Amino acid sequence: MTVQPKILNRGLAVAFCGVLALFLAAPQANALPSFARQTGQQCAACHNGFPELTPYGRLFKLNGYVFGGGQSNLPPLAAMIVEDYTHTQAGQSGGAKAHYGPNNNFSLNAASLFYGGRILGDYGLGAFAQVTYNDPSRNFHWDNTDVRWAHAMTIYGDETVFGVSLNNNPGISDVWNTTPAWRYPFQSSSLTSPPGATLMISTYGQQVLGASAYVFWNRLVYAEAGAYHTLPPDVISALGMTENGSDSFSGLAPYWRLAFQPQWGPNSLEVGTFGMEANIYPGRVHGFGTDDKTDLGFDVQYQYLTDAHSVSAQASWISEHQHLNSTFTRNNSSNLNDQLHSFNLKTTYSYEQTYYATLAYSRIQGSGDPGVYSSSSRLSSPNSDWWTIEGDYMPFNHGGPSFWPWLNMKLGLQYIWYTKFNGATNNYDNNGHNAADNNTLYAFAWFAF
Amino acid sequence: MTTKTDRPRVTHGIVRWVLGVPLALTLVACNTTSTSQPAGQPSAEQEQSVVEGTVHVCTSCHGFNGRSTSPTFPNLAGQQKDYIIAQLKAFRDHTRADPHAHTYMWGMAATLSNPTIDGIAQYFSSQAPAPGTPGDPALVAEGQTIFKNGIPDQKVPACQVCHGAIGQGNAIIPRLAGQHPGYIVDQLSNFASGARANDIMHRNAKNLTPEEIQQIAAYVGSL
Chain W
-8 MTVQPKILNR GLAVAFCGVL ALFLAAPQAN ALPSFARQTG QQCAACHNGF PELTPYGRLF
52 KLNGYVFGGG QSNLPPLAAM IVEDYTHTQA GQSGGAKAHY GPNNNFSLNA ASLFYGGRIL
112 GDYGLGAFAQ VTYNDPSRNF HWDNTDVRWA HAMTIYGDET VFGVSLNNNP GISDVWNTTP
172 AWRYPFQSSS LTSPPGATLM ISTYGQQVLG ASAYVFWNRL VYAEAGAYHT LPPDVISALG
232 MTENGSDSFS GLAPYWRLAF QPQWGPNSLE VGTFGMEANI YPGRVHGFGT DDKTDLGFDV
292 QYQYLTDAHS VSAQASWISE HQHLNSTFTR NNSSNLNDQL HSFNLKTTYS YEQTYYATLA
352 YSRIQGSGDP GVYSSSSRLS SPNSDWWTIE GDYMPFNHGG PSFWPWLNMK LGLQYIWYTK
412 FNGATNNYDN NGHNAADNNT LYAFAWFAF
Chain Z
1076 MTTKTDRPRV THGIVRWVLG VPLALTLVAC NTTSTSQPAG QPSAEQEQSV VEGTVHVCTS
1136 CHGFNGRSTS PTFPNLAGQQ KDYIIAQLKA FRDHTRADPH AHTYMWGMAA TLSNPTIDGI
1196 AQYFSSQAPA PGTPGDPALV AEGQTIFKNG IPDQKVPACQ VCHGAIGQGN AIIPRLAGQH
1256 PGYIVDQLSN FASGARANDI MHRNAKNLTP EEIQQIAAYV GSL
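In order, the protein sequence lines correspond to chains W and Z.
The numbers in the first sequence follow this note's numbering, run straight up by one, and end at 440.
The numbers in the second sequence follow this note's numbering, run straight up by one, and end at 1298.
Hint data in this document are derived by calculation from the structure and do not stem from the laboratory.
Every value quoted in this text rests on a predicted model; they were computed, and no experiment measured them.
Honestly, I wouldn't trust all of these hints.
Covered, in the sense of this in silico footprint (three residues per stretch, anywhere, with C-beta under 8 Å from a C-beta of chain Z), are these stretches of chain W [said to hold, decoys possible]:
hint, region
1, 33 to 41
2, 253 to 264
3, 291 to 302
Built from N, CA and C at the ideal position, the CB exists for glycine as well.
Let the hints inform the model, and build the full structure from the sequences given.
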């Protein structure tokens, strides 16, 4: 190939931005605003709080974001702004991040522009695409993107929806709020130091591109299979993501999902499994083999949804097996094989889809490995435990003010309480820091319009 | 052993395709007028296609064949055709304005044409009704008494006078038999409070106690 890869990749990134610009400017004869305007429905029709989906919200997504009804002639655009305040129990010396003080920071957490709705509604083609500006990291980047085509048909008397999703984050195509891409916390501070260990499946959002095909049979059984590949560094960089230190996959990384969703009365249950497997060149360094990681997740969601009182609960358990050929060979890990497990449980009560109270428990547990964890953990351990309690108020979930009925707003107050952080409760990093130092009081105002 | 940073060329091809395909589709989208509402009178075939597509959306909440799972959404299977037509038009022009109308149905009905409304109503009215579900026997018995005889002391007429001896409805009077009790409770409460505007049903429901509403709902749900 004679074309310079760098120029090609920049060109592709510009082309992608051009696609977004065209999305945004697309004149439509038939009213393609963001979802609420497209459907003419209130946020509460699809969301039990945001972004948790109701059964109807799941069908809206799985049918390709194309359901219509609304009369608005505005383009299918939406915007989101999140302003927040972060207080940690102990200040972070040197500042929470560049441009911020050690503690009690206000920030523009995110400002996002969405394309949400039909592209070609008659053909079942629609998209959810997001570009975001983060003030803490001072950058503008592409965010979660899911372009999908779907078609529903009746086979032997049962409705069967077939679909294909092209997306940039493993699990973003999912409709139950249990996979890392969509699970709780739905809003969190960018100005705290989270526990050091993260699972592979939640690491590569916006660094990969993948496609998956799915089938949803009888609104009961869902199966999806797809694969991801890391984007070239120049493309990642041109799309605003941090390129330095990013990894690459050897070949395609398969992703799978199976879910069973019985519903009765106002109850909806989901029991499922999902996973991903990738052979990774850490830091894109070749010559030492690959780190082979497999994530296997099991999840449950229960929703009881009525007008007045609603309860929802989600639990997920993800087990990761790491075979660290490359990292171990380069002496960056002490073990050839490590395990990492995460457990998350969250339950929410809401009143009239306006007031929400949430309690969540999260745990990360895994093999001790000095080579991997000793810089952040005195015990060289990834183990962390924490509780989160949150209260939210969404005054416009049943329609915004008359001058802009599609305004939605969430005011939230969240407290995170760490009982263990990077392996220990006290002096976890050998620098005298305790788990409780990371306890976080977080207030945010989320606007979507 | 040598170390190199990879630039896998195969990805250029992949990226070119995955970015190029949406670009092409977007250009199509920008230059294509939607055919869901073509200018002029749609052919019978086009209208049928619109009705089928719309019914698919309806069933997202109202269930396969109009038998819903959640009591938030009424069963439509076997509902009176004229009643469905009247309600969809009332959602469309916002004369039905109870909370669920705001949340769900105003949007759903906003762009429906009269022929499409007719097709939707034809579809659901011709589906076999959902069978009744047995309720608390004590509630059902009390509800049956009110349904058959009314409550003369409270100026509540017998439901069966208009809704039929077995709650089957008649034209613009809805079928109640087999409806979700939770939905009936909501609607009687909406009539009583005036949230759902209907003079006759407001008069009929305003003197009902919450317990009596529960009884009526349990009875018609069992039919």
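Legend entry - Broken hints, by number: none
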